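*Asks:* Residue numbers (the UniProt record's numbering), protein chains in the order written: chain A, 1 to 569; chain B, 1 to 569.
It is possible that part of the hints are untrue.
Because identical chains cannot be distinguished in the list, a pair is counted as satisfied if it fits within a single copy or across any two copies.
Derived lysine to aspartate or glutamate pairs resembling EDC-like cross-links, with alpha carbons at most 20 Å apart [as the list claims (entries may be wrong)]: (1) K429 with E267; (2) K138 with E518; (3) K291 with E217; (4) K380 with E149; (5) K143 with D525; (6) K59 with E243; (7) K435 with D476; (8) K218 with E336; (9) K290 with E280; (10) K218 with D292; (11) K489 with D393; (12) K59 with E235; (13) K25 with D42; (14) K290 with E73; (15) K452 with E508; (16) K294 with D361; (17) K380 with E184; (18) K138 with D525; (19) K252 with E267; (20) K96 with E367; (21) K285 with D233; (22) K120 with E273; (23) K96 with D525; (24) K249 with E273; (25) K283 with D296; (26) K291 with E220; (27) K380 with D292; (28) K452 with D135; (29) K25 with E367.
Treat the hints as calculated values from the structure; they're not laboratory data.
Given the structure is predicted, the values throughout are model-derived calculations rather than measurements.
Number of protein chains: 2
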Amino acid sequence: MAETDQAPPPSDQLAALNLTDTVEKHAFSDRVLIRSIVGRPDGGAGLAGQRVRAGGWVKTGREQGKGTFAFLELNDGSSPANLQVIVDAGLAVLSKLVATGTCVVVDGILKVPPEGTRQKIELRVEKVVSLGEVDPAKYPIPKTKLTLEFLRDHLHLRARTNTIAAIARIRNALAFATHSFFQEHNFLYVHTPILTTSDCEGAGEMFQVTTLISESEKLEKELIKNPPPSEVDIEAARQVVSERGEAVKQLKAAKASKSEITASVAELNKAKENLSKLEERSKLKPGIPKKDGKIDYTQDFFARQAFLTVSGQLQVETYACAVSNVYTFGPTFRAEHSHTSRHLAEFWMVEPEIAFADLQDDMNCAEAYVKYMCNWLLDKCLDDMQFMAKSYDKGCIDRLRMVASIPFVRISYTEAVELLEEAVKGGKKFENEVKWGIDLASEHERYLTEVKFQKPVIVYNYPKGIKAFYMRLNDDLKTVAAMDVLVPKVGELIGGSQREERYEVIRERILEVGLPLEPYEWYLDLRRYGTVKHCGFGLGFERMILFATGIENIRDVIPFPRYPGRADL
Amino acid sequence: MAETDQAPPPSDQLAALNLTDTVEKHAFSDRVLIRSIVGRPDGGAGLAGQRVRAGGWVKTGREQGKGTFAFLELNDGSSPANLQVIVDAGLAVLSKLVATGTCVVVDGILKVPPEGTRQKIELRVEKVVSLGEVDPAKYPIPKTKLTLEFLRDHLHLRARTNTIAAIARIRNALAFATHSFFQEHNFLYVHTPILTTSDCEGAGEMFQVTTLISESEKLEKELIKNPPPSEVDIEAARQVVSERGEAVKQLKAAKASKSEITASVAELNKAKENLSKLEERSKLKPGIPKKDGKIDYTQDFFARQAFLTVSGQLQVETYACAVSNVYTFGPTFRAEHSHTSRHLAEFWMVEPEIAFADLQDDMNCAEAYVKYMCNWLLDKCLDDMQFMAKSYDKGCIDRLRMVASIPFVRISYTEAVELLEEAVKGGKKFENEVKWGIDLASEHERYLTEVKFQKPVIVYNYPKGIKAFYMRLNDDLKTVAAMDVLVPKVGELIGGSQREERYEVIRERILEVGLPLEPYEWYLDLRRYGTVKHCGFGLGFERMILFATGIENIRDVIPFPRYPGRADL
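Full structure from sequences and hints, please.
*Replies:* Pasting the structure below:
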C-alpha cells in the first residue's frame, strides 16, 4: 500500500464527522493523548481532518514503498492501543525512526486509512518535531519475545513493554479505586509510620534501620586521618594543666595584680579545656558503639532500635479509636528469605480499620471493597484487561465479572475443616494433614475457593491458637473473630478480624502468648480509656493485582521488586 | 433547662420537615455519621423525629437538673461538629458517661431543642447501647488546654483532640486531592521503591537497612547455646575419617563382599560429612561478617548495601520515559540530625514526572496542582479550616483563597537576586549574604513571597553550581532549568526541574560534579535509548499541610513523627 493509495474518507464518513469532536491535549504538554484518538468508540474516525501533535515510543516500525515512507506504531503509555503514523522519506531519515524504542514527536493530520485496514484512523506526518534514537544492535529490549524473567534484569526499561505498561495501568487503577472506595465510604487515609520501634509480633523477620554502621565508618575514616591522642599526649596536657594551676596559685600567693591573675586563670582554663577534649577523643573507638558487650542503641539515630514496619494496623487503631473510620495504604516489609513467586521483601498493603463495627461489618466491608475494585477494572481498564486475557490468562475478565456479581460464600473455620475432611474421605490428597486446629495451608484454601465453591469464600472464627493476640475472643473461648477472604487464583487475599476491645481479656491474651506487656502499654491504653468495638483487615495489594491479571509471579506486578539478593535501582 | 423544658418543634418547623430527608448510616456499621446530622445546611433540624443510633467519644459532658439527666457533646471524627446528646438518669449511671474521652453508643430520637440554644438538633437518648469508660483521674489527655508539645508525648491518644483530628481530616483531604488531580490529568500512580541500592546524590544522610546485625545476634546466641567445635573435636572427626578410609581400603584389598564394602563406604561418607559439618561450624564467628577488614555486604539481605530512599525521582523517570505521565506519592527519609520545626526523618513526598514537557509545563503543572489543593480544602474541608482559623492562624482561609485565585509570580533566579539586592540597598537586613551564585536561604525566599510579592512566587533558572546534575543545562551554560515554588508561611513548597535528556550533556555533568558513572548507567540508558524531553517536581506533603493550616511545627501534621531521638510506637 503506497502512500498515494490513501483514499480520502468516503463522504458519508465526512458527514458523520462531529465538528465538536476535539482531540484531548495533555494538560501540561503540547501533545495529544493517543488514547483520546484511538480509544474512542469510533476508533478515532470522527477526528479525521484534525491537525495534532503526537509523541510516543515506536512499538514497531517499517520502511515501505522502497524507502519512500515508513509506518510507525506509536504508543505513549496512555492505553494499550497504538497510533499508526505515516512518515514520508522527505521528512526524516526513515531508518532512524523505525527501530523499536525510538521516541518521536510528530505534527500531522489525522486521516481515515483506506478501507480494509485494521486502523480507523492514522496520522499523516507533516513534520518530525523531535527524535530520540535507538541503536537496535545495543537496545537491551528489542522487539522480540522477551520473558518476564529476562525483563526483571532490566527494571529501568521494562515499563516500555506492553505487558509491564498494562500492569502499571491496572495497578494505578486499583490504587485509585482503593482510595475512591474508602473516601466514598467516609474513611480517612492515615499515614502510619514506616519506621517503627514497636517490634510487634516478636518478629525476627524485620529489617533493622540504623545509622550506627555509617557513623562508625565515618569515625573510622576520621580516626585514620586524625588519630586519637596517645596516653603520652594526654599526660603532657595534664602536665600543662598542673603547671598552669601552680602558676595561678603562685600569683595569688604573691598578691599579683588582678589583670595578671585573670590572664593566668584564662591560660589555666584553656589548658583544662584542651585536656578534656583530648580525653574525650581518646575514648573514641572504631566500630559500632557497645555497652556491656551489647550494641549501644542509645547512640543510634532514634536512641533505640528501629525497624521497618510489617503492618500499620496497631498504629492505625489509634486513629480508629479517635476518628472512627480510617485506612492506611503504604509499603510494608518482611526480611524473610522466601524465594517464592508469592513473596516480596517490600510490598504494599491496604489496611482499613472500622470503629463501632464487628466481624460481620468487617466481612461486608471486605466483600464490598473487592467487588468495587473488580467493577472499577471492568469499567476503566477493559482494554488492558483484554490484553491480559489475550496474553496471560484467558479467564481473567470472567473472573472479575464473577467476583463482582456473586455473593461471597461465608463459612466458619469449623465448617471449612469439615468440608476438607469430607474431601479427603472422597479421595482428595493434601500434602498437609487436615484437622481442627491447623492453620489452613494454601492448598486447602485453593481447594475451597477453586474446587469446592468456585467463587470467593470467607472463612471466619479461627482457633485462637493460630491467630494473633489482638483478635477478639469468641464466647466459646476456643475461637477468635478472625476472617480470611479466599479467592480463585491466589488463595488468601485478605486477612482481618474484630479486635479485642476488652481490657482485661486482651491483657490476658498478651501474657498467654508469651509477650511482655510493657511495649503494648500504649495499645492497652486504647482499651483502658473510652474503648470501642472495632475491626479491620489487610489486603495484600500485589496479591490483588495477581488475582486480577493472572500474572504468575509477584515480582512482575510491582515496579521495583525487592527479594533476597535483589534490590535493583 | 430541665428535660421537661424541651418543647416540641413549632408547627412551622414540622411543616418544613422534608420527609425524604434521611440520616446517612455508615456503610459498615449500624451507627449514623454525626456529620450527616449536624453538618447539614439546616444544622440537622430537618431530621427531627428520626430515630438513630449514634456512637462517638464524649468531648464534654455534664450532669444537670440535680443529676436527673446529662448533656454530652459527642464526636465521632466525621467532622469537627459535635452532636448534643441528652441522657436521662434512668438509662445509665450518669457519672460514668460524662468524663471526657468516654465512648458511648446510644439509640435515640432527634429533636429540635428549645429556642435560644446554639444547636439546631439534639439527640434524646432512649437506650445506652454500649459504654467505654474513662477514669478522669488517670486519663492522660483530660479536657484541659493541652499544648501540641505535650501531645507529642502521647501519640496514641492525640488524635482524640480537636486539633489533631482536624489535621487528620485536612491531611486526608489533601492526599485524596493529590490523587484526584493527577488521575484527572492522566498521570499514573507509580510505587517507587522504599528500599534502594542507588545511593543517589552521594548522600551520607541515608538510613541504612540491614539484617546483618540481627543475623549476627542470632548467631551469637546460637553459638553460646551450642558452642562451635574445638580443634580437638575436629581432629577427632578427622581421625574417624582416616580410620574409616583405612577400613574401606582393607576390605577392598581383602576382596570382601560387595555388600560389606558398600556398608563400609557408607560409614566413611558419614564420617566425612560429619567432619565437613564440624569444619563449617568452626568457621562461624560472632559479630558482623567482614571481608578484608570491611563489612561483607554480600551476606546482607540484598547481597549489597541497602538504604531508605531519599526521593523516588530517578526511579519514577524510568516510568515517565515509558508511559509518559506518572507520579509517586510515598514516604521518603533523611537521616539528618535536624531538630528544627521544618524537618522530619520520615516524610511524604509527591513527585510527578511529565514526558514531552519542559520547564514551562512543569511550572504550569505545579501551579495548577497547588491551586487544586487549595480549592479542594475550601470546598470540602471548610469546617476544619474554620477551626484552624479560629484556633491557630486567622489568615489561613484567606491565604487558600488568594493562592487559589491569583496567578503565581514567575521570576528568574537572576531577577530574584536583583530584587534581594535592591532590598538590601533599601535597608533590609539578611543573615546570609545576597549575591549571584548563592543558594537562596529561607529568609530570602520568605522575603520574596511574603514581603515583596505577598503571593506565591516561582523562581526558575538557577545557577548550575547549586543544583543537581540531572537538571537540564540552559543555553547560557551557567544556569539549569530548575524551579522552586515559594509560598507565604512556609517558603519553599516545591522544587523541580526539566531533566537533562541529552546523553552527552548529562554524562559530562555527572563527571563534572565528581560522581562515578557506573551507578548511573541505568539512568544514562534512559538517554541512550529513545530519550525524551521531560520534567518533574517534588512537593513536601507536610509542608503543604503547614501552609494550609498555619500549624508551626511539622511534627504535628504527620500522625507519627520521626526525628532524632524519637520514633514512638
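*Asks:* Starting from the hint list further up, note which numbers the structure goes against and sort them upward.
*Replies:* Numbers 1, 4, 6, 12, 14, 15, 16, 20, 22, 27 and 28 - these are the hints that the structure violates, sorted from lowest upward.
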